[in-house]
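The listed protein sequences derive, respectively, from chains A and B. Going left to right, the first sequence walks through residues 1 to 369 as my numbering numbers them. Going left to right, the second sequence walks through residues 370 to 743 as my numbering numbers them.
Any given hint might turn out to be false.
Claimed, not checked - Taking CB as the label site, the calculated pair distances span: (1) A:Glu207 - B:Val729: 41 to 47 Å; (2) B:Ile398 - A:Pro213: 41 to 47 Å; (3) A:Thr205 - B:Pro622: 50 to 56 Å; (4) A:Val243 - B:Ile583: 47 to 53 Å; (5) B:Gly577 - A:Arg88: 55 to 61 Å; (6) B:Gly589 - A:Ile237: 28 to 34 Å; (7) A:Arg249 - B:Leu686: 20 to 26 Å.
As the list claims (entries may be wrong) - Computed, partial: chain A to chain B, Cβ under 8 Å: (8) Met86; (9) Leu90; (10) Thr94; (11) Gly123; (12) Ser126; (13) Thr281; (14) Pro310; (15) Val313; (16) Glu327; (17) Leu339; (18) Thr341.
For the record, the hints were derived by calculation from the structure and aren't laboratory data. A virtual CB, placed ideally from N, CA and C, is assigned to each residue, including glycine.
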Amino acid sequence: MLTRLKRMLVKEFLQMLRDPRMRIVVFGLPVMQMMVMAFALTTDVTRVRIAVLDRDRTPVSRELLSTFTGGGYFQIIRRVDAMDEMTRLLDDGTVRAGLRIPAGFAGDIRTGRIAQVQLIADGTDSNTTAIILGYANGIVTDFNARLNRHLPDRAAPVEMAVRAWFNPNQESRLYYVPALIGLMLLIFSLLLTSIGIVREKEIGTIEQVMVTPIRKMEFILGKTIPYVITGYISMTIMFILAVVVFGVRIHGSILLLYGLTGIYLCGNLGLALLVSASASTQQQALLTAFFIIMPCVLLSGFMFPVHNMPAVVQYVTWINPMRWYLEILRGVVMKGVGLQTLWPAVVAQLALAVGFLFLASKRFRKTLR
Amino acid sequence: MGSARRMIAVARTEFIHVIRDWRSLFLAIAIPMVLILLFGYALTLDLKNVPTVIWDQSRTPESRDLISLFDGSPYFSIKAYADGYDSLQRDIDAGTAMVALVIPGDFAEKIRAGRTVAVQVIVDGSDATTSRLAASYTNSLGMIYNRNIRSVSRSPGASGTVELVPRVWYNADMRSQNMILPGIVAIVMMVIAAMLTSVTVAREWETGTMEQLISTPIRGHELIFGKVIPYFVIGMVDVAIAVAMGEWLFHVPLRGSPALLFAMAALFLTGALFLGMTLSITLKSQVLANQIALVAGFLPTLILSGFVFAIENMPVLLQGLTYIVPARYFIAIMRGIYMKGIGLEILWLNALLLFIYAAVLILAANRRLKLRLE
Numbered sequence: 001m002l003t004r005l006k007r008m009l010v011k012e013f014l015q016m017l018r019d020p021r022m023r024i025v026v027f028g029l030p031v032m033q034m035m036v037m038a039f040a041l042t043t044d045v046t047r048v049r050i051a052v053l054d055r056d057r058t059p060v061s062r063e064l065l066s067t068f069t070g071g072g073y074f075q076i077i078r079r080v081d082a083m084d085e086m087t088r089l090l091d092d093g094t095v096r097a098g099l100r101i102p103a104g105f106a107g108d109i110r111t112g113r114i115a116q117v118q119l120i121a122d123g124t125d126s127n128t129t130a131i132i133l134g135y136a137n138g139i140v141t142d143f144n145a146r147l148n149r150h151l152p153d154r155a156a157p158v159e160m161a162v163r164a165w166f167n168p169n170q171e172s173r174l175y176y177v178p179a180l181i182g183l184m185l186l187i188f189s190l191l192l193t194s195i196g197i198v199r200e201k202e203i204g205t206i207e208q209v210m211v212t213p214i215r216k217m218e219f220i221l222g223k224t225i226p227y228v229i230t231g232y233i234s235m236t237i238m239f240i241l242a243v244v245v246f247g248v249r250i251h252g253s254i255l256l257l258y259g260l261t262g263i264y265l266c267g268n269l270g271l272a273l274l275v276s277a278s279a280s281t282q283q284q285a286l287l288t289a290f291f292i293i294m295p296c297v298l299l300s301g302f303m304f305p306v307h308n309m310p311a312v313v314q315y316v317t318w319i320n321p322m323r324w325y326l327e328i329l330r331g332v333v334m335k336g337v338g339l340q341t342l343w344p345a346v347v348a349q350l351a352l353a354v355g356f357l358f359l360a361s362k363r364f365r366k367t368l369r
Numbered sequence: 370m371g372s373a374r375r376m377i378a379v380a381r382t383e384f385i386h387v388i389r390d391w392r393s394l395f396l397a398i399a400i401p402m403v404l405i406l407l408f409g410y411a412l413t414l415d416l417k418n419v420p421t422v423i424w425d426q427s428r429t430p431e432s433r434d435l436i437s438l439f440d441g442s443p444y445f446s447i448k449a450y451a452d453g454y455d456s457l458q459r460d461i462d463a464g465t466a467m468v469a470l471v472i473p474g475d476f477a478e479k480i481r482a483g484r485t486v487a488v489q490v491i492v493d494g495s496d497a498t499t500s501r502l503a504a505s506y507t508n509s510l511g512m513i514y515n516r517n518i519r520s521v522s523r524s525p526g527a528s529g530t531v532e533l534v535p536r537v538w539y540n541a542d543m544r545s546q547n548m549i550l551p552g553i554v555a556i557v558m559m560v561i562a563a564m565l566t567s568v569t570v571a572r573e574w575e576t577g578t579m580e581q582l583i584s585t586p587i588r589g590h591e592l593i594f595g596k597v598i599p600y601f602v603i604g605m606v607d608v609a610i611a612v613a614m615g616e617w618l619f620h621v622p623l624r625g626s627p628a629l630l631f632a633m634a635a636l637f638l639t640g641a642l643f644l645g646m647t648l649s650i651t652l653k654s655q656v657l658a659n660q661i662a663l664v665a666g667f668l669p670t671l672i673l674s675g676f677v678f679a680i681e682n683m684p685v686l687l688q689g690l691t692y693i694v695p696a697r698y699f700i701a702i703m704r705g706i707y708m709k710g711i712g713l714e715i716l717w718l719n720a721l722l723l724f725i726y727a728a729v730l731i732l733a734a735n736r737r738l739k740l741r742l743e
């Protein structure tokens, strides 16, 4: 039994890594993807491009503008004289927002009235817009505080002292980089394994495998173990990158992380076996795998927080292995927590993996139809 | 004349191939619909119901006023009241709370005495997006609270204040669906077009039927165009489904010209189809071609196109890289047509670049295909 399995493994490894282009796909692509995506996935909004229509042109209006650009949140890239021009800049996307200061701005302030400033934000990117509006509000509040600094009782009564745990500077990179590892492991283990098996069916070599004395279990193990090993290797490479290049610190136990990743990989391979059992061409396998990957990624909390989803959908995410894995990754890497906190996710992950593997062994047939 | 006939013959075989394989066809239609449904109903970046835990050490009417602001806000949902840092930390560690509000014991006294009092807000930074938005909303609630107190005791002799009047153009209620749906069309087409065509020619090589094709009088461009036509039809059906679902299911306003929208979609689709084709021809392996299509087509479309992550927030070097991602231009066009209601007078450069991209890939596919045995 072991000799057969060993031969099968040797053959699988040879087949997978014989083609130098395939070696790049297996080890190079996850790394490359991580480099690009880690830099791209950022929701940190800085240096928002704005246009300014200042009809007041007084020292006070200039002071307001310099407050806007002072914090590094906004940069004025255009000063316009008419609303038409502002509209055009917003239409073609040159600026994200426009600030309109009406004539009489300084006068209103001097006479103790409320002076209005209009901020026109491009809502096509609603998330960025919400952050921009938050910045602008903060800046105007600061400005008001400074205008009235001579009045002692006007100091803000309540001050919100915000502290972000686990990620003091709230850098999105620190969250996305570990999550990317979960994403890559899902995509590559699911796609490569399922296509790898279906390939034998499509080009007919599975019939040659069938006439050998190899048993079903050995065939399944022989097909999946190489992908578990390559999964671990690329995970290690990605973690080294995460630590060295992106300054991610693993606060929890690395051993625990590797152990729990094993469960994740096995579950994914179970899914891959299910896909390959039901597909007869690589095109089908690919589409089916994709049909599974897309919802898994989108409903994992990777880009879209799970608590924002409707309640029903939140329950659906329970059968999503990536959702639990991200919870584990975040917990171990960023929060440094262990099994005593993560056990619900671990139990769920384990149940899913066992379930997928069980279904796969039921569905998978070595025999011809 | 014979050329067109041969091309149609290839298209017919590929059509039969697609239709006979009903499962692939079903998936090619179902994947976009599932994506749109997910994005329409379940996925939103709009912050609401952030689980919040509160440790109120003051327990006074003043502190309850502040808490009721959080309770009444759609952004926060109070999950628990803590009685110490321990239980608060447990909630944040386990992820049952993402925001913790710690109101100090002397909260009411200080406010009555007119002194500044700091309320500690702890946010779970492990999800930086949510935590940053939550922090900004917390600050706004703080400002509202301050304004409420002040309106009771407005001091005379104060100079005027500045009021910010925000107006959001193109998407007044800042619905993320309005921004996502135009982008989803690009994602869908990349998946369907590039990934499906990436296996077509490679399949002929792998299963050995290429040799039979080579022995026929068919020429390279006839084979390529013939194979692309069925997938072009599927892709355009997907676009139509996406637009229809946006219109009737999610009520995403389409302000610009629908004709221009479909024309631009066809241009982008052509580019995506020939990207898959070129990969398939060059690599001659379905696994490889498909993986590369995923990495070179789908992932950049998802990540580097400005679909969810705004391009201007990326590092400069990466912003440069986005210029070679065609979806960047297409998504700008789609958002322009959908949300801003603008046309080619502003979008012409984006359209021209899409055209060049499609043309380059058509040429590449034709040049790479050699109907010869090796």
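Going through the hints against the structure:
1. A:Glu207 - B:Val729: 41 to 47 Å: 42 Å, holds
2. B:Ile398 - A:Pro213: 41 to 47 Å: The hint (41 to 47 Å, Cβ to Cβ) holds, given that Ile398 of chain B and Pro213 of chain A are roughly 43 Å apart.
3. A:Thr205 - B:Pro622: 50 to 56 Å: With a Cβ separation near 54 Å, Thr205 of chain A and Pro622 of chain B satisfy 50 to 56 Å, so the hint holds.
4. A:Val243 - B:Ile583: 47 to 53 Å: Holds, at about 51 Å.
5. B:Gly577 - A:Arg88: 55 to 61 Å: 59 Å, holds
6. B:Gly589 - A:Ile237: 28 to 34 Å: With Cβ atoms ~40 Å apart, the hint is violated.
7. A:Arg249 - B:Leu686: 20 to 26 Å: Given about 24 Å between the Cβ atoms, the range holds.
8. Met86: 10 Å, violated
9. Leu90: At about 6 Å, which falls below the 8 Å cut-off, the nearest Cβ of chain B leaves the hint on Leu90 of chain A intact, so it holds.
10. Thr94: 10 Å, violated
11. Gly123: Hint holds; Gly123 of chain A Cβ to chain B Cβ min 3 Å, cut 8 Å.
12. Ser126: 4 Å, holds
13. Thr281: Since the shortest Cβ distance to chain B is 7 Å, the answer is holds.
14. Pro310: Check passed: Cβ of Pro310 of chain A comes within 6 Å of chain B, closer than 8 Å.
15. Val313: OK, holds: Val313 of chain A within 8 Å of chain B, min 4 Å.
16. Glu327: 7 Å, holds
17. Leu339: 12 Å, violated
18. Thr341: 5 Å, holds
When each numbered hint is compared with the structure, violations occur for hints 6, 8, 10, 17.
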